[in-house]
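Trainee: Make a model of the complete structure from these sequences and hints.
Chains A and B, in that order, give the protein sequences. With our numbering, you'll find the first sequence wraps up at 144, consecutive numbering, no jumps. With our numbering, you'll find the second sequence wraps up at 99, consecutive numbering, no jumps.
Any given hint could turn out to be false.
[To be verified] Simulated pairs of lysine-lysine, DSSO-like, Cα-Cα distance not exceeding 30 angstroms:
{"id": "1", "chain 1": "B", "residue 1": "72", "chain 2": "A", "residue 2": "123"}
{"id": "2", "chain 1": "B", "residue 1": "88", "chain 2": "A", "residue 2": "54"}
{"id": "3", "chain 1": "A", "residue 1": "131", "chain 2": "B", "residue 2": "63"}
{"id": "4", "chain 1": "B", "residue 1": "73", "chain 2": "A", "residue 2": "111"}
{"id": "5", "chain 1": "B", "residue 1": "88", "chain 2": "A", "residue 2": "123"}
{"id": "6", "chain 1": "A", "residue 1": "123", "chain 2": "B", "residue 2": "63"}
{"id": "7", "chain 1": "B", "residue 1": "73", "chain 2": "A", "residue 2": "131"}
{"id": "8", "chain 1": "B", "residue 1": "72", "chain 2": "B", "residue 2": "30"}
{"id": "9", "chain 1": "B", "residue 1": "63", "chain 2": "A", "residue 2": "111"}
Rather than coming from a laboratory, the hints here were simulated on the basis of the structure.
Single-letter residue listing:
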Amino acid sequence: MKVRQGFVSNSSSSSFCIYGVCVDLGDFMETETFKTICADYIKRSAEIYELDEKALAEAVEDAVGFLDEQGELHDILYEQVNIPNLAVISGPGGFEEGVYLGRSWSDVGDKETGAEFKASIEKAVREVFGKAMPCRTHEEAWQD
Amino acid sequence: MKVRQGFVSNSSTSSFCIYGACLTSEERDKVEDAEGMPKEIEDFGAPEYSDGTYVGRSLMTLKDDETGAQFKKGVEEALEKALGRPVKCAFHAEAWYNG
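Mentor: Right under this line is the structure:
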């Protein structure tokens with residue numbers, strides 16, 4: 001009996017199945033979490049942007065605005081966002097159609113109950129948005 | 001803050017996310033005919049290019065008081081009981097275009 005493992009769909013389809021939340025891109029970019037990610041990126045990249053001390057402070061103060069002017073928010077979203085205990089996923093239309101934050105159901109630990117799994121995600125989401133958010137299972141599949 | 005809800009994929013795509021195994025049609029029929037199967041075990045189908053069908057349990061049916069290990073063990077034991085031999089199970093996430 002042949003046993004298949006892993007993600008084996010045809011190459012033109014994408015899918016995910018997570019427990020978490022989906023919010024508008026603008027709302028995610030308003031979070032302190034995202035602003036901090038942007039600010040940290042600017043600090044690391046100060047030499048590349050050729051920012052003096054004053055300009056660096058101004059850029060960090062409005063990190064999202066600065067990176068938007070640089071045309072780099074897209075890269076930040078896809079390459080720099082790393083939140084503990086949460087995956088940040090885009091749907092079929094990219095992040096412009098919504099930002100999914102959560103964990104795949106397949107990541108549930110062997111010793112972790114369903115309630116603990118959901119609670120850990122709800123806690124992580126609350127920390128991102130500063131308030132409780134309605135979490136649920138999000139299952140998406142689309143043709144690329 | 002707007003929170004999106006609902007399944008928004010295009011309608012011509014099928015998908016599932018399960019713990020189980022890809023079985024032949026014959027094996028699937030044996031599982032279906034087995035008595036005492038947990039109701040969560042089901043046939044999730046497969047894309048046309050697949051030579052089997054995926055049988056198992058949707059990850060979304062994990063109960064609040066059930067651990068990941070219990071979930072997996074339940075599927076493995078149910079399939080072993082139905083087929084009369086150990087069945088190597090794994091997480092399977094499939095998505096395919098129905099056209």
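Trainee: Taking only the CA atoms, is the gap from residue 131/A to residue 63/B under or equal to 30 angstroms?
Mentor: holds, 25 angstroms
Trainee: Below or equal to 30 angstroms on CA atoms is what counts here, so check residue 123/A against residue 63/B.
Mentor: Holds - the C-alpha atoms of residue 63/B and residue 123/A are around 19 angstroms apart, at most 30 angstroms.
Trainee: So if I understand the rule, the pair passes when the alpha-carbon distance is 30 angstroms or less; does residue 72/B with residue 30/B pass?
Mentor: Holds: residue 72/B and residue 30/B sit about 20 angstroms apart, inside 30 angstroms.
Trainee: Between residue 72/B and residue 123/A, does the CA-CA distance stay at or below 30 angstroms?
Mentor: holds, 25 angstroms
Trainee: Is the Cα-Cα distance between residue 63/B and residue 111/A 30 angstroms or less?
Mentor: holds, 13 angstroms
Trainee: Just to be careful, I want the Cα atoms of residue 73/B and residue 111/A compared with a cutoff of 30 angstroms; is the pair within it?
Mentor: holds, 12 angstroms
Trainee: Residue 88/B and residue 123/A: Cα distance at most 30 angstroms?
Mentor: The hint is violated at about 34 angstroms.
Trainee: Mind checking the alpha carbons of residue 88/B and residue 54/A for me, to see if they're no more than 30 angstroms apart?
Mentor: violated, 61 angstroms
Trainee: Between the alpha carbons of residue 73/B and residue 131/A, is the straight-line distance 30 angstroms or under?
Mentor: violated, 36 angstroms
Hint check: violations occur at hints 2, 5, 7; the rest are consistent with the structure.
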